[in-house]
Amino acid sequence: MGRSGGAMAEQHIKLPEGSIEKTTTTLNLGPTHPATHGVFQNILELDGERIVSAEQTIGYIHRAFEKIAERRPLYQITPLTDRMNYCSSPINNMGWHLTCEKLLNIKVPKRVDYLRVIIMELARIGDHLICNSIVGVDAGAYTGFLYLMQYRELIYEIWEEVCGSRLTTNIGRIGGFERNFNDIAFQKLEKFLREYPKVLKEFENLFQRNRIFMDRTMGTGAISAERALNYGFTGPNLRAAGVDYDVRIHTPYSSYEDFDFTIPVGTTGDNYDRWLVRSQEMWQSLNIIEQAYKKVQEFKGAEAEVYHADVPEYYLPEKEDVYTKMEALIWHFKIIMGEINMPVGEVYQSVEGGNGELGFYLISDGGRTPYRLHFRRPCFIYYQAFEELVKGGMLSDAIITMSSLNLIAGEMDS
Amino acid sequence: MALTNEYIKTRLLERFGEQVSGFTESYDMLTFEAPKDLNLKVLNFLYDDEQLKFRFLTTLCAVHYPENKGRELAVVYHLHNIVDNIRIRFKVYTDIVQPDIYTATGLFSAANWLERETYDFYGVNFIGHPNLKRILNVDEMDYFPMRKEYPLEDQTRIDKDDEMFGRGGKLGFGTDTTDHGKATIAEAEKPRDAGADVI
Numbered sequence: 272m273g274r275s276g277g278a279m280a281e282q283h284i285k286l287p288e289g290s291i292e293k294t295t296t297t298l299n300l301g302p303t304h305p306a307t308h309g310v311f312q313n314i315l316e317l318d319g320e321r322i323v324s325a326e327q328t329i330g331y332i333h334r335a336f337e338k339i340a341e342r343r344p345l346y347q348i349t350p351l352t353d354r355m356n357y358c359s360s361p362i363n364n365m366g367w368h369l370t371c372e373k374l375l376n377i378k379v380p381k382r383v384d385y386l387r388v389i390i391m392e393l394a395r396i397g398d399h400l401i402c403n404s405i406v407g408v409d410a411g412a413y414t415g416f417l418y419l420m421q422y423r424e425l426i427y428e429i430w431e432e433v434c435g436s437r438l439t440t441n442i443g444r445i446g447g448f449e450r451n452f453n454d455i456a457f458q459k460l461e462k463f464l465r466e467y468p469k470v471l472k473e474f475e476n477l478f479q480r481n482r483i484f485m486d487r488t489m490g491t492g493a494i495s496a497e498r499a500l501n502y503g504f505t506g507p508n509l510r511a512a513g514v515d516y517d518v519r520i521h522t523p524y525s526s527y528e529d530f531d532f533t534i535p536v537g538t539t540g541d542n543y544d545r546w547l548v549r550s551q552e553m554w555q556s557l558n559i560i561e562q563a564y565k566k567v568q569e570f571k572g573a574e575a576e577v578y579h580a581d582v583p584e585y586y587l588p589e590k591e592d593v594y595t596k597m598e599a600l601i602w603h604f605k606i607i608m609g610e611i612n613m614p615v616g617e618v619y620q621s622v623e624g625g626n627g628e629l630g631f632y633l634i635s636d637g638g639r640t641p642y643r644l645h646f647r648r649p650c651f652i653y654y655q656a657f658e659e660l661v662k663g664g665m666l667s668d669a670i671i672t673m674s675s676l677n678l679i680a681g682e683m684d685s
Numbered sequence: 010m011a012l013t014n015e016y017i018k019t020r021l022l023e024r025f026g027e028q029v030s031g032f033t034e035s036y037d038m039l040t041f042e043a044p045k046d047l048n049l050k051v052l053n054f055l056y057d058d059e060q061l062k063f064r065f066l067t068t069l070c071a072v073h074y075p076e077n078k079g080r081e082l083a084v085v086y087h088l089h090n091i092v093d094n095i096r097i098r099f100k101v102y103t104d105i106v107q108p109d110i111y112t113a114t115g116l117f118s119a120a121n122w123l124e125r126e127t128y129d130f131y132g133v134n135f136i137g138h139p140n141l142k143r144i145l146n147v148d149e150m151d152y153f154p155m156r157k158e159y160p161l162e163d164q165t166r167i168d169k170d171d172e173m174f175g176r177g178g179k180l181g182f183g184t185d186t187t188d189h190g191k192a193t194i195a196e197a198e199k200p201r202d203a204g205a206d207v208i
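Order-wise, the sequence lines are chains A and B.
In terms of the numbering used here, the first sequence opens at residue 272 and continues consecutively.
In terms of the numbering used here, the second sequence opens at residue 10 and continues consecutively.
Same shape as in the complex, but just chain A (with noise of 0.2 Å):
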């Protein structure tokens, strides 16, 4: 009887220090968690619904690249690059390529540059298009992702007219492309023109001027030009904030200097900008790609079969001249054993990816693999100011914040 008295007044749970005192609830979002569209955790603490600071944990997918990248000869990089943002591989792919071709002193053809910005550009509309779907889930719409995901469908369709995968593309050789594009790739390009703007029409309709997005999206997740040139930030979140910073027009590569388009700029930085950004971006590229497509038609005859540069000791000879020829021989095994030495230097180039400027740092120590070779990732860089983007806010709008920012985690942990 003495006992119930003496049993109750006892602590038999084993309470963490200072957790009876504090007033702020820790929530685990993530690693694993459907609105994290990626593996990254984000630790929070809620007072209620606001919150009030935010730990982010990443590296759940890091798988090395840049150490394995220094056991590699150039063209065994790509498959790494491509699993990086892999939403849009054939941007890092390309942007793999015209580092190795900056480092290499290579001149590549006009008609090879030409259909490089078409894929890029319909690797850029695959991303943006998942992006802008996913916010629109993540406030409750699902139609429109589901909608628009047909048509990323035939973007991985066109890609596997080409180089024959449709997500991790390894697209491209370092000099051009593996083959060139047949007739089967043009008609679902020229499909995919015709049919995308109706579709990307409907899609704007459901959301754009939706009272409800508009009220989930607008004025939440902001950030001023200052702070997100400070924190790194490039591509549509740095231009949802008002910089127009773009690297197809700051350090044109692969002849964007011939295209003629615009860049579209926000001006508050929050989730709404950054969505209508990507939605006009979607429609510049989808403009480029139509002028980019005429430009590829003008070529005729002979240079119409140009799909690579001649550069025999990175690009892989045609198979009938190495059965017959000594040098193409020669040359095949060079390249497939690794031993061709790379001139020494040190070279960054970067490109306009998904994201922002994915940045290739290269260094060469006249071997067959590179010294060093560092990715400059835009997601990793401007996630550090998510505390920064939501503190204050509210928990679902911190969930939007994270879709909106078109977090991806491959590039984030490399």
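Worth flagging that the hints you see were computed from the coordinates, not collected in a lab.
Any given hint might turn out to be false.
Among chain A residues calculated to face chain B with C-beta under 7 Å, some are [to be verified]:
hint	residue
1	Lys338
2	Arg342
3	Thr491
4	Tyr502
5	Gly503
6	Gly513
7	Tyr516
8	His521
9	Glu610
10	Asn612
11	Gly616
12	Val618
13	His645
14	Ile652
15	Gln655
20 Å max Cα-Cα, derived SDA-like pairs, lysine to any residue [what the hints assert, rightly or not]:
hint	chain 1	residue 1	chain 2	residue 2
16	B	Lys62	B	Lys78
17	A	Lys338	A	Asp636
18	A	Lys338	B	Pro75
19	B	Lys157	A	Ile377
20	B	Lys100	B	Ile136
21	B	Lys142	A	Glu658
22	A	Lys338	A	Tyr642
23	A	Lys378	B	Tyr36
24	B	Lys78	A	Asp636
25	A	Lys605	A	Met420
26	B	Lys157	A	Glu658
27	A	Lys338	B	Phe32
28	B	Lys100	A	Arg450
29	B	Lys157	A	Pro344
30	A	Lys590	A	Arg450
31	A	Lys459	A	Lys285
32	A	Lys378	B	Lys62
33	B	Lys157	A	Val615
34	B	Lys142	A	Gln312
35	A	Lys605	A	Arg639
36	B	Lys157	A	Tyr642
37	B	Lys78	B	Tyr102
38	B	Lys157	A	Arg334
39	A	Lys373	B	Thr33
40	A	Lys373	B	Ser35
Virtual Cβ for every residue (Gly too), placed ideally from N, Cα, C.
Starting from the known structure of chain A, arrange chain B on it as the hints suggest.
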């Protein structure tokens, strides 16, 4: 007047004199180095100067040169003047015994995680960093993996069985210290019966 690499070099020499050195132009980007104690002074100069205006930190990384004794680790800053569209590369070298470098997070908030990544992979200690802990690797890791002395794979792991790939297994092809084919270190250290398994 147009901002050229020559002009930037002149301004740097005039401000820092002999302390900045190693001016080269690799693929149109001016590259130079300075002693590691001056890294913040140089970064602040490049940021504040009204003609130079390098106000964007593109990236920050480290490189390990095991042969350069006393200067093994290099920290490389890539800066960008967005308005005039000029890029510049700035390197500081430090020795590997005490790799202390002042943090740039006061100037560029972008440097926060970039320096954490550099610490995680190379062990560069950034003095004054608000939260210098590992970011991409597990917290318990006690070595710095991107340094050249560490091989591509962790040779101490015992959870993989690569026998089907010609590595490890009873005959131990492809290993010299640890037998990857065994489940625990104790089992791996038992003497192997020679010739019991035929490949």
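Going down the list of hints, with the structure as the test:
Interface restraint check: lysine 338 of chain A against chain B, minimum CB-CB distance 6 Å, threshold 7 Å, status holds. Because the closest C-beta pair between arginine 342 of chain A and chain B is about 6 Å apart, less than 7 Å, the hint holds. Evaluation of the threonine 491 of chain A hint against chain B yields a violated restraint, the C-beta minimum of about 21 Å exceeding 7 Å. This hint holds: tyrosine 502 of chain A has a C-beta 5 Å from the nearest C-beta of chain B, less than the 7 Å allowed.
A distance limit of 7 Å between C-beta atoms decides the matter here; for glycine 503 of chain A the minimum to chain B is near 3 Å, and the interface restraint holds. Contact between glycine 513 of chain A and chain B, as hinted, is not supported at the beta carbon level, the nearest pair being about 13 Å apart and thus beyond 7 Å. For tyrosine 516 of chain A, the shortest C-beta to C-beta distance to chain B is roughly 5 Å, which falls under 7 Å, so the interface hint holds. For histidine 521 of chain A, the suggested interface contact is upheld, since its CB lies about 5 Å from the closest CB of chain B, less than 7 Å.
At a threshold of 7 Å, the smallest CB-CB gap from glutamate 610 of chain A to chain B is about 20 Å, leaving the interface hint violated. Look at asparagine 612 of chain A: its Cβ only gets to about 18 Å from chain B, farther than 7 Å, so that hint breaks. For glycine 616 of chain A, the interface hint holds, since its Cβ comes within 7 Å of a Cβ in chain B; the closest pair sits about 6 Å apart. Interface restraint check: valine 618 of chain A against chain B, minimum CB-CB distance 5 Å, threshold 7 Å, status holds.
Checking histidine 645 of chain A against chain B by beta carbon gives a least distance of about 4 Å; that is within 7 Å, so the hint holds. Interface hint status for isoleucine 652 of chain A: upheld, as the beta-carbon distance to the closest one in chain B is roughly 5 Å, under 7 Å. At a threshold of 7 Å, the smallest CB-CB gap from glutamine 655 of chain A to chain B is about 5 Å, leaving the interface hint in force. Distance check on the hinted pair: lysine 62 of chain B and lysine 78 of chain B sit about 34 Å apart at the alpha-carbon level, beyond 20 Å; violated.
At most 20 Å may separate the alpha-carbon atoms for a hinted pair to count; lysine 338 of chain A and aspartate 636 of chain A meet this at roughly 16 Å. Restraint check for lysine 338 of chain A and proline 75 of chain B: the C-alpha separation of about 16 Å stays at or below 20 Å, so the hint holds. Annotation: proposed proximity of lysine 157 of chain B to isoleucine 377 of chain A is violated, straight-line Cα distance about 30 Å (limit 20 Å). Between lysine 100 of chain B and isoleucine 136 of chain B, the direct Cα distance comes to roughly 17 Å. Compliance with the 20 Å bound is thereby established for this hinted pair.
With a C-alpha separation of about 18 Å, the suggested pair lysine 142 of chain B and glutamate 658 of chain A falls inside the 20 Å cut-off, and the hint holds. At most 20 Å may separate the alpha-carbon atoms for a hinted pair to count; lysine 338 of chain A and tyrosine 642 of chain A meet this at roughly 10 Å. A C-alpha spacing of about 14 Å is found between lysine 378 of chain A and tyrosine 36 of chain B, which places the hinted pair at or below 20 Å, so the restraint holds. Restraint check for lysine 78 of chain B and aspartate 636 of chain A: satisfied, since their Cα atoms lie roughly 18 Å apart, inside the 20 Å limit.
About 42 Å separates the Cα atoms of lysine 605 of chain A and methionine 420 of chain A, which puts this hinted pair outside 20 Å; it is violated. Simply put, lysine 157 of chain B and glutamate 658 of chain A have alpha-carbon atoms about 35 Å apart, too far for the 20 Å limit, and the pair is violated. Proposed proximity of lysine 338 of chain A and phenylalanine 32 of chain B is contradicted: the alpha carbons are some 28 Å apart, above 20 Å. Distance hint between lysine 100 of chain B and arginine 450 of chain A is unfulfilled; the C-alpha atoms sit about 41 Å from each other, more than 20 Å.
Only pairs whose Cα atoms come within 20 Å are accepted, and lysine 157 of chain B paired with proline 344 of chain A is accepted, the gap being roughly 17 Å. Restraint check for lysine 590 of chain A and arginine 450 of chain A: the C-alpha separation of about 13 Å stays at or below 20 Å, so the hint holds. For the proposed pair lysine 459 of chain A and lysine 285 of chain A, the alpha carbon gap of about 64 Å is over 20 Å, so the pair is violated. As the CA atoms of lysine 378 of chain A and lysine 62 of chain B are separated by approximately 32 Å, the hinted pair breaks the 20 Å bound.
With a CA separation close to 19 Å, the supplied pair lysine 157 of chain B and valine 615 of chain A stays within the 20 Å bound. Pair hint lysine 142 of chain B plus glutamine 312 of chain A holds up; C-alpha atoms about 16 Å apart against a cutoff of 20 Å. Taking the CA atoms of lysine 605 of chain A and arginine 639 of chain A, the gap is about 11 Å. The hint holds against a cut of 20 Å. For a cut-off of 20 Å, the pair hint linking lysine 157 of chain B to tyrosine 642 of chain A stands: about 10 Å separates their Cα positions.
Under the criterion of a C-alpha separation no larger than 20 Å, the hint pairing lysine 78 of chain B with tyrosine 102 of chain B is consistent with the structure, at around 11 Å. For the hint linking lysine 157 of chain B to arginine 334 of chain A, the alpha-carbon distance of about 17 Å falls within 20 Å, and the restraint holds. Between lysine 373 of chain A and threonine 33 of chain B, the direct Cα distance comes to roughly 17 Å. Compliance with the 20 Å bound is thereby established for this hinted pair. A distance of roughly 11 Å separates the Cα atoms of lysine 373 of chain A and serine 35 of chain B; the hinted pair therefore holds under the 20 Å criterion.
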